[in-house]
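Visitor: Input sequences plus hints: build the corresponding full structure.
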Amino acid sequence: MSHGDDGISYAKDQQYKPEKLWSHFMSDQCPTLAGKPKLFFIQACQGDRLDVGTTMLPRITETDSPSAVAYKIPTHADFLIAYSTVPGFYSWRNTTNGSWFVQALCYVLSERGREDDLLSLMTTVSRIVSIGFESNTPQDSNMHQRKQIPCVTSLLTRKFISSARRLVVFE
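For the sequence shown, the working numbering assigns the number 24 to the initial residue and increments by one for each residue that follows.
Calculated from the structure, these hints are not laboratory results. Quick caveat: nothing in here was measured; it's all calculated off a predicted structure. Just so you know, nobody snuck in bad clues.
Computed beta-carbon distance windows for the label pairs:
id, residue 1, residue 2, range
1, Ser177, Gly121, 21 to 27 Å
2, Arg181, Arg150, 20 to 26 Å
3, Val175, Leu56, 19 to 25 Å
Cβ coordinates follow ideal geometry from the N, Cα and C atoms, glycine included.
Guide: This is how it looks when you write it as structure tokens:
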């Protein structure tokens, strides 16, 4: 969890590009992690724009992934990077329950984490955040009834399903 802006995250005493977080885990920098999934969940604003949302009827689509074959992997392979919001936009939190993204992520991982693949789980997280949350600040009409959707970048080369017997979610 951090604060952020367009392409920048803030630490206590400095700012940095988020890519710096995962660059140390690329296969050319850390060969022991080659072919293994590397997951990054980033809770931070990516700007100050606000999403007013659009009212429409829901649609559901499904996709299948092809089976894997032996191959030489790129240095950026097997990463999943999930931001709490899209570039340029505000990331919301509830003062009591915390960020919408982390709430949804913890819920989905604890309820479905051993049953579904990670991309399906992240799609569910996106749906919960986008449909299940809306800002509630009637005293500030500019911030009232605003929406958010996570931004997930998958460089995974196969389905990832947790084999952990028990997922531990810290609240």
